[in-house]
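Student: Under the numbering used here, the first residue of the sequence shown carries the number 2, and numbering increases by one thereafter.
Some hints could be false.
[Unchecked claim] Derived Cβ-Cβ restraints for the label pairs, each shown as a range:
#	residue 1	residue 2	range
1	Arg-402	Pro-196	21 to 29 angstroms
2	Gln-373	Arg-402	30 to 38 angstroms
3	Leu-399	Ser-311	42 to 50 angstroms
4	Gln-404	Val-193	42 to 50 angstroms
5	Pro-19	Lys-210	32 to 40 angstroms
Quick caveat, the hints were computed from the structure, so don't treat them as lab data. Note that the Cβ used here is the ideal one computed from N, Cα and C, for glycine as well.
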Amino acid sequence: MNDMSSVTRPRHGMGFYPFVGLTAALMATNALAVDSMLPALEEMSEALGIAEANQRQWIITAYLLGFGVSQIVYGTLSDRFGRRPVLLFGLVVYVLASIACSFAGSFEAMMAARVLQGVGAAATRVLVVSIVRDCYSGRDMARVMSLAMIVFLAVPILAPSIGQAILWVAPWRWIFGILTAFGAIVMIWVLVKLPETQHPEDRKPIDPKSVAAAFRTTLTSRIGVGYMLAMAFILGGLFGFINSAQQVFVDVFRTPELFTTIFALIAMFMAVASLVNSRIVGRLGMRRVSHGALIGYIALTGGHALVALSGHESLVTFTILQGGAMFCFGLIGPNFGALAMEPLGHVAGTASSIQGFATTVIGALLGFYIGQHFDGTVVPLTLGFAICGLCALAIVLLVERGQLFHPAPGRN
2 MNDMSSVTRP RHGMGFYPFV GLTAALMATN ALAVDSMLPA LEEMSEALGI AEANQRQWII
62 TAYLLGFGVS QIVYGTLSDR FGRRPVLLFG LVVYVLASIA CSFAGSFEAM MAARVLQGVG
122 AAATRVLVVS IVRDCYSGRD MARVMSLAMI VFLAVPILAP SIGQAILWVA PWRWIFGILT
182 AFGAIVMIWV LVKLPETQHP EDRKPIDPKS VAAAFRTTLT SRIGVGYMLA MAFILGGLFG
242 FINSAQQVFV DVFRTPELFT TIFALIAMFM AVASLVNSRI VGRLGMRRVS HGALIGYIAL
302 TGGHALVALS GHESLVTFTI LQGGAMFCFG LIGPNFGALA MEPLGHVAGT ASSIQGFATT
362 VIGALLGFYI GQHFDGTVVP LTLGFAICGL CALAIVLLVE RGQLFHPAPG RN
């Protein structure tokens, strides 16, 4: 599927770019639910009775855990009932949970609603990857994901500013009103435009043997498991940054008024990287791009940790080095995801759910661990990034049998 004619006639029944747009919108439901409330965390913690500053990170982590854990079931359901009905179910849950968040009157109620919101959004993560894998493979799949990521990554750029703009004119609860409206719009778009994409021959009954076989296939793929775990560590650094970002700008740099601007600038590095990836991955291949980016990621985060430890950190160095790391992340993410899914097309739903479960839950716990060590400096954050990058490299070297940039011999 390398010629343009094959790219423009996939099973989804839409044009190539409308399909990319819907894919991006589905992916954005998750990013919007995380980043739009970052400017409001302090007000939310006061309204909900959260006394400890680091405890407010649970507003992010509770969502991520619900998002991660529930992914384990969506793949099996979509392999049996199809992608479309399961996706619509998840979007309904997302909309209802967003409404519940807007009316939450206590920390416990907010945590329950956030977990449920993550459960609903998890369907978009699992089903997006499965739907794209139903229609594309290899470098074409990476190209679709990269183009979708360009739109998707506009959400982290804009979402904190949207949240801040809402806070200027309305209470923080209206942020969840925006999430409700966005989820409803995407749900209607899927209902009207997206047909079923699953190949009929891949429909699987829900029975212990078939489910166990799909799990066994996924968990015995060296390439699939390896890149899944490597991605989990990379996400751990990212979630650590998201958990700590608001506190970094308020408590370290004393510049809360610059938070949304610099956060957007840093996120823009990821968007640019995804655009670059969509242009070069077809020519260079997923391994060359992602392995090179991983080495750059480790160099930048390691250097950043040294700057922080030396006591020479400033807002300028933080922005430049963090932005560089996010650029590398934008080259790593879509390619590691595509590499993990490439050998598993015949069990795409189950594979996507297992990989989503593992990467999100492990990444969320790592990110929470990093965030909970916030001590008024950026040292825990920068060290966390560097260590996570080194762990990811060790896993990639093990998977590729010590060989970077090219497939390992006898891969599976």
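Student: A separate judgement is required for each hint: does it hold in the structure or not?
Tutor: Outcome of the hint check:
1. Taken as a hint, the range 21 to 29 angstroms is violated for the pair Arg-402 and Pro-196, whose Cβ atoms sit roughly 41 angstroms apart.
2. About 36 angstroms separates the C-beta atoms of Gln-373 and Arg-402, a value consistent with the hinted range of 30 to 38 angstroms.
3. A hinted range of 42 to 50 angstroms for the beta carbons of Leu-399 and Ser-311 is inconsistent with their spacing of about 32 angstroms.
4. For the pair Gln-404 and Val-193, the supplied restraint of 42 to 50 angstroms holds, since their beta-carbon distance comes to about 47 angstroms.
5. The supplied range of 32 to 40 angstroms is met by Pro-19 and Lys-210, whose beta-carbon atoms lie about 39 angstroms from each other.
Hint check: violations occur at hints 1, 3; the rest are consistent with the structure.
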